[in-house]
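Student: Just so you know, the sequences run in chain order A and B.
Numbering-wise, the working numbering comes out as the position in the first sequence, counting from 1, plus 515.
Numbering-wise, the working numbering comes out as the position in the second sequence, counting from 1, plus 2.
Treat the hints with care, since some could be wrong.
Label-pair ranges, simulated between beta-carbon atoms [what the hints assert, rightly or not]:
(1) B:S59 / A:W696: 40 to 46 Å
(2) A:V633 / B:S180: 56 to 62 Å
(3) B:S59 / A:G541: 43 to 49 Å
(4) A:W624 / B:H183: 56 to 62 Å
Read the hints as simulated data drawn from the structure, not as lab findings.
Every value quoted in this text rests on a predicted model; they were computed, and no experiment measured them.
Think of the CB as a built atom: it goes at the ideal place given N, C-alpha and C, for glycine as much as any other residue.
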Amino acid sequence: MTTAEARTREAPATAQPARRTGMRAGRVAVALVLPLLAIVAWQVAVWVASPREWILPSPAAVAQAGWDARDRLWFHAQWTVLIAVIGLALAVAIGAGLAYLIARSRVAWLALYPWVIVSQVIPLVALAPLLVLWFPPFVAIVLLAVLMSIFPVVVAGVDGLRGTDPDLVRAARGLGASEGWTWAHVRVPAALPRLFTGIRMAAVFVVSGAVVGELVASDRGLGALTRLSAGQFETAVTFAGVALLALIGLALFGAVALAERMALPWTRRATRRSS
Amino acid sequence: MNLLWVMPAKGVDVPHGHDIRVSGARLALGDDPPVDVLGGVDLRAPVGEVTAIVGPSGCGKSTLLDAIAGLIPLDAGTADAGHDVALMPQRDALLPWLCLEENVALGARLSGMPARDARDAATRALQRLGLAGFARHYPHALSGGMRQRGALARTLLSGRSTWLLDEPFGALDALTRSEMHAVLRQLHAQEGPTILLVTHDIAEAVALAARVLVAGPRPMRIVHQVPVDPDDAAGTGRAVLDALRAAGAVA
Ligand SMILES: Nc1ncnc2c1ncn2[C@@H]1O[C@H](COP(=O)(O)OP(=O)(O)OP(=O)(O)O)[C@@H](O)[C@H]1O
Ligand SMILES: [Mg+2]
Chain A
516 MTTAEARTRE APATAQPARR TGMRAGRVAV ALVLPLLAIV AWQVAVWVAS PREWILPSPA
576 AVAQAGWDAR DRLWFHAQWT VLIAVIGLAL AVAIGAGLAY LIARSRVAWL ALYPWVIVSQ
636 VIPLVALAPL LVLWFPPFVA IVLLAVLMSI FPVVVAGVDG LRGTDPDLVR AARGLGASEG
696 WTWAHVRVPA ALPRLFTGIR MAAVFVVSGA VVGELVASDR GLGALTRLSA GQFETAVTFA
756 GVALLALIGL ALFGAVALAE RMALPWTRRA TRRSS
Chain B
3 MNLLWVMPAK GVDVPHGHDI RVSGARLALG DDPPVDVLGG VDLRAPVGEV TAIVGPSGCG
63 KSTLLDAIAG LIPLDAGTAD AGHDVALMPQ RDALLPWLCL EENVALGARL SGMPARDARD
123 AATRALQRLG LAGFARHYPH ALSGGMRQRG ALARTLLSGR STWLLDEPFG ALDALTRSEM
183 HAVLRQLHAQ EGPTILLVTH DIAEAVALAA RVLVAGPRPM RIVHQVPVDP DDAAGTGRAV
243 LDALRAAGAV A
């Protein structure tokens with residue numbers, strides 16, 4: 516029986532890689548249909564309606580302007596990436612800490628959790644001018660990025676920590692594990708997949724936070740670039756900056772997903788098997 | 003299957019242990035309204051024996067095991083099995099983020115064995131249970147039978163002399179299940195733990211236990227006790243079924 520099982524278990528590992536690559540390329544192609552259609556429609560609309568370029572440049576004009584302004588874009592993009600990465604790191608560290616506190620302590624649950632939620636009802640964008648008033652620009656912008664991305668981390672963390680499979684807890688406690696051991700070795704690892712879902716969302720929000728901060732308070736960063744270029748009717752450059760922001764958000768999201776795959780190999784194989 | 007005894011002498015002392023004694027155990031769970039789950043449970047499971055509990059679904063068997071293991075306090079009465087208890091939950095409860103060997107080693111780690119020794123002990127226990135080739139596999143890459151065998155190996159490594167097994171083979175197919183019966187019988191013969199085995203399978207209870215306790219529907223009480231006659235499994239099974247019928251647990 517054991518050898519028969521061994522054979523079945525190992526079968527997935529030997530699936531033909533060529534076919535898998537082919538399927539992946541197919542999936543990417545399907546995913547690209549929509550944006551390509553949108554770009555084509557945009558280009559056609561510009562040909563047909565021929566608006567003035569500073570109102571709506573064509574995709575081709577945007578690409579050209581982006582290429583011509585690549586040094587400027589690169590200079591500003593570095594700054595935005597730096598702020599987004601610092602902001603995300605802080606959001607994850609503070610958010611996970613808060614989640615642990617809120618899930619673990621009833622007092623923290625009652626005293627903190629409602630306010631974490633209420634804090635999200637405030638339109639954080641409206642706080643930007645105040646933060647700029649109180650803090651040096653860099654600090655204000657990072658703070659805004661953290662505020663705009665911490666919420667999904669906290670909520671996902673709390674849900675993950677409170678939603679542990681009771682049988683896992685029972686298994687540990689039934690072997691004599693203490694409450695503290697069970698938190699560290701059962702509840703926390705069991706919460707990681709959900710926490711990562713929150714972090715992926717945070718990775719997207721943090722870029723928005725950084726941009727809002729830069730729009731208000733900075734001469735550097737892609738947020739500042741869009742403000743300045745739009746003010747000078749370099750609309751094509753503005754578009755290029757926005758496109759770059761989308762790419763940065765996507766890259767950050769992908770980086771988190773990659774970190775998740777490396778940190779949680781056990782979930783990766785579980786999903787592959789069940790899909 | 004050939005089980006080889008490969009535990010070091012220091013790993014597990016010869017189990018001496020302790021009868022499991024429960025008397026007048028009452029417990030209500032939940033708030034609005036509280037549900038009476040244990041309605042005055044009395045039982046004794048003699049040291050070194052396998053005692054089975056059969057009862058209808060939802061009657062409170064898992065709750066009773068939790069109380070015996072000291073995981074939840076009773077409202078009234080006592081449940082005592084000494085401090086030397088390992089509980090194995092109903093569904094397989096290997097931690098999904100640990101490989102099989104790490105999971106098994108947990109039993110020893112939680113009993114205070116240093117990490118290295120626990121790892122070695124786990125390796126030997128896996129060999130002993132026919133899982134040597136799967137030490138590095140994550141639980142989801144194992145079959146249900148292998149996971150339960152791993153969970154048994156972990157219970158074994160806990161070195162506890164009393165095992166509370168909550169429907170350990172409930173999710174397995176008939177073939178794997180009878181194979182697991184042989185594994186458990188052999189472990190019991192070699193280690194001599196006191197085992198309280200919850201099951202919904204009368205044949206399983208009769209095959210493994212020296213006596214079968216029959217529980218009535220919630221709130222749970224032990225309504226009957228059937229000693230197993232090894233020479234007349236069918237007769238014992240009928241007696242258990244009759245007791246369940248009399249308790250109103252089955253039609
Ligand atoms: N926190 C709770 N609040 C209210 N009722 C509960 C609670 N926990 C368990 N119960 C009830 O207690 C009863 C006994 O549960 P338990 O899991 O001990 O039953 P069981 O005999 O092990 O069932 P099964 O055979 O399905 O495993 C169930 O009917 C369940 O609905
Ligand atoms: Mg149960």
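Student: The structure should be examined with respect to each hint, and the outcome stated for every one.
Tutor: Against the structure, the hints:
| no. | hint | result |
| --- | --- | --- |
| 1 | B:S59 / A:W696: 40 to 46 Å | violated (32 Å) |
| 2 | A:V633 / B:S180: 56 to 62 Å | holds (59 Å) |
| 3 | B:S59 / A:G541: 43 to 49 Å | holds (47 Å) |
| 4 | A:W624 / B:H183: 56 to 62 Å | violated (46 Å) |
The earlier numbered hints that this structure contradicts are 1 and 4.
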